[in-house]
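S.K.: With these hints in hand, go ahead and build the complete structure from the sequences.
For the record, the sequence lines run as chains A and B. Position in the first sequence counted from 1, then plus 1, gives you this note's numbering. Position in the second sequence counted from 1, then plus 522, gives you this note's numbering.
If you're looking for bench data, these hints aren't it; they were derived computationally from the structure. Being a predicted model, the structure only gives us computed values, none of them experimental. Hints are supplied without guarantee of correctness; some may be wrong.
DEER-style ranges, computed between Cβ atoms [claimed, not checked]:
hint: 1; chain 1: A; residue 1: LYS30; chain 2: B; residue 2: GLU705; range: 55 to 65 Å
hint: 2; chain 1: A; residue 1: PRO177; chain 2: B; residue 2: PRO571; range: 41 to 51 Å
hint: 3; chain 1: A; residue 1: GLU112; chain 2: B; residue 2: GLU643; range: 43 to 53 Å
hint: 4; chain 1: A; residue 1: LYS113; chain 2: B; residue 2: GLU705; range: 19 to 29 Å
hint: 5; chain 1: A; residue 1: ASN67; chain 2: B; residue 2: SER721; range: 53 to 63 Å
Don't be surprised by glycine CBs; every beta carbon is placed ideally from N, CA and C.
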Amino acid sequence: MKKYILSTLTVLFFLVQLPAQNHKGYQFKDQNILKATPIQNQGETNTCWAFAGISFLESEVLRIKNEEVKLSEMWIVRHAYREKAIRYVRMHGAVAFRAGGIVSDLPAIIEKYGVVTQSAYPGLNYGLTTEHRHGELHAALRLYLAEVIKNSNAILSTAWLNGFEGILDAYLGERPKNFEYRAKEYTPQSFAHYLQLPLKDYRAITSFDLYPQNSWVQFEIPDNWRWDSVFNISLDNYEKTILTALQNGYTVGISLDITDANFMKERGIAVVPAPSIASIKKSDKTGQWEKITLAELRKINATKEVPGPEREISPLIRSRGFANYFITDDHMVHIIGTARDQFGKLYFKIKDSAYRNGVKKNGGYVYISESYLFYKSVAIILHKDAISSDIVKEM
Amino acid sequence: MKLLKEVKKYTLLSIVALLIATVSSGQSKYDGRYGGYKFTDIAIAPSTPPIGQGLTGTCWCFSGIATMESELKRMGKGEYDLSEMWIVRHAFIEKAKRMSMLRRNALKGSGSIGDVPYIIEKYGIVPESAYPGLNYGTNFHVHWELNGVVNGYFKGVLQNKNGELSEGWINGLNNILDAYLGEVPETFSYNGKEYTPQSFTQELGLNMDNYVRIASVMHVPFYKKFGLEVSGNWHWDDFYNLPLDEMIEVIDYAVRNGYSLTWIADVTNRGYSKEEGICVYPAESLEQIPPDERIEWLKYSDKEISDMGNREVPGAFAVPVAERIVTQESRQKEYLNFNVKEDHGMHIMGIAADQRGRIFYKIKNSAHHRAVYQNGGYYYASQPYMKMFTISLQLHKNGIPPHIAQKLKIE
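M.R.: Rendered as structure tokens:
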């Protein structure tokens, strides 16, 4: 098992090292890349949030302890399932029981259940060794719970949660009480302590002007099953927060809409081409695009072979997108740094665990333009020290 | 053991409560059991006390275990209380495996007459104290939630969302059963001795090869083995096909020689009275009564004859009722019409006569829960009832009369 992971990692590492030929007319130059662990594959599961969250926390361990550790995503998934099941049953099934989650689930789960290394809990106990596949597991859990809430004994049994955990034991493996890491024994709790993760210091932030500014709002997205609150700030502050955090060495976990033709998985690029001359963002109306005609713009947009001028993002477009389901919380990724294209435009470099949806020739890294990120991002999570003190004061 | 006592206490309490309820509501017009019938036991095979199946669909298991406990008594091994839930648990696993192969998207708590020997053969058996199967917060069996979650889980697995079944799904089912019924004990102590399920089974000395099943249908040749077409027969057990009269002869011979029988029968018919604990096949008109018995019923109208034996009508069974003629043909017709179904498993352990001298069979019934329980778990079933509503029987092969065993080529 370990050997396998190691060899996949090696292969991935090579892929990462290769020049990103798939970007075609886009030429990226990494600018400020923060410490991060190698990319993992979420396989055929809807657990991007756990992969993004673990990736984020692994970078945090690198930042805080300068130690590279591979943590278990499935440990998080398993305990999230337990918590979701309890809530689903208490709510008589009147909430969704989904595989999804949000990045801020991780601090909460680790706080309660600790955390372990990936080798201590690989979560592959059902015959597959190469890739996670949760279709059967999720269907089995969901239909199991659908029967529990029928309450057909007229009183809930004391066994249902044990039975539910029994399914998780069977598919993902039993929870280790102890495990070894660098020749020392840890429990899940003592290991969380060892990692020195400041679990109470992570903040979730969003920016939608349909919520009051500078206030905590219960975030109405389907995968927010813990009914967690996020702090809502202005779009200006939101952009500044992300950029400053990266500049100051803090990575950022992000929930993003990727069901958009401009999120080009196969090429590892996401942009928001300006649909008209008037919609071009200010910073793109300079240099080579200063006098661009509509015909030229359409030509660039038709193929997206080379970088073109992008759209100005306003709070209004975001609110409209959020309210009308074209900004949805469908994917979570991890921002590990910034890059620039041949014209000097800024992009965010993203670690993405979703291999299944496309051929990731670039090994799972995606370059996302400022416009795309600020348009299609749903929320972020980051350490509070990375946030400007003016905003933290309001929290 | 403590758990067991609690179960018994519970059962007792509910009996008392039900008795009080019945008496105070004034619904029962009779002095208690069996309506207007007075039964005298003629022959009783060894058996253990009735046990309630609680709110479960596991009659097939209680009746099968009752037969095995009776067998141990007959063999002089003493009185045992064997674990029904041990069988139920392992049957779930075996059913799930088979249903998954058939891609049949349902896993039910119901079972077949052959399940008990099938599971004992494969997994052995343990005493009740080693596996009471009550791990979910009640002190008596209630399986609705368990049946639901097991079936839901199984349906989820069989949606086959990964494009291939995982290797983990049987473990998942095992773990659910662990949670509800308890983990399988590797060892346990019984009467001060340590056993494994295997060593305990070995010491009991039951040989599952000795147990055979009998049915009586017209669509396959008599005296041949066949797979009985009932939906509960999930592992496709073989049954010997006997003419109706010979099937009844088997019951008589077995009980008189100390062999009891597992009995699967239809109980959703107007002559099965839970309140009175009797099973009869009441005539609904004069014409249905055998000609040589009609004389005593001439003074009644057809409606009166019908009402006397209709459990839906107040005052039914106040006197022994007129019963219908049953032939191989009439039985076959009702079987094919789904009017005779495999509703319930019980245990035939005695022969009795009513005050008119008609033969009845004494039945140990685990379905107390719904009954007014005036009869302590014992019912009496008439010969016409047996002939019409019997789906199948299971017994030790030595309980079959030698001349019939010869025709079946049973040694």
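S.K.: Could you tell me which of the hints above the structure violates, numbers in ascending order?
M.R.: Checked against the structure, no hint fails, so every one of them is satisfied.
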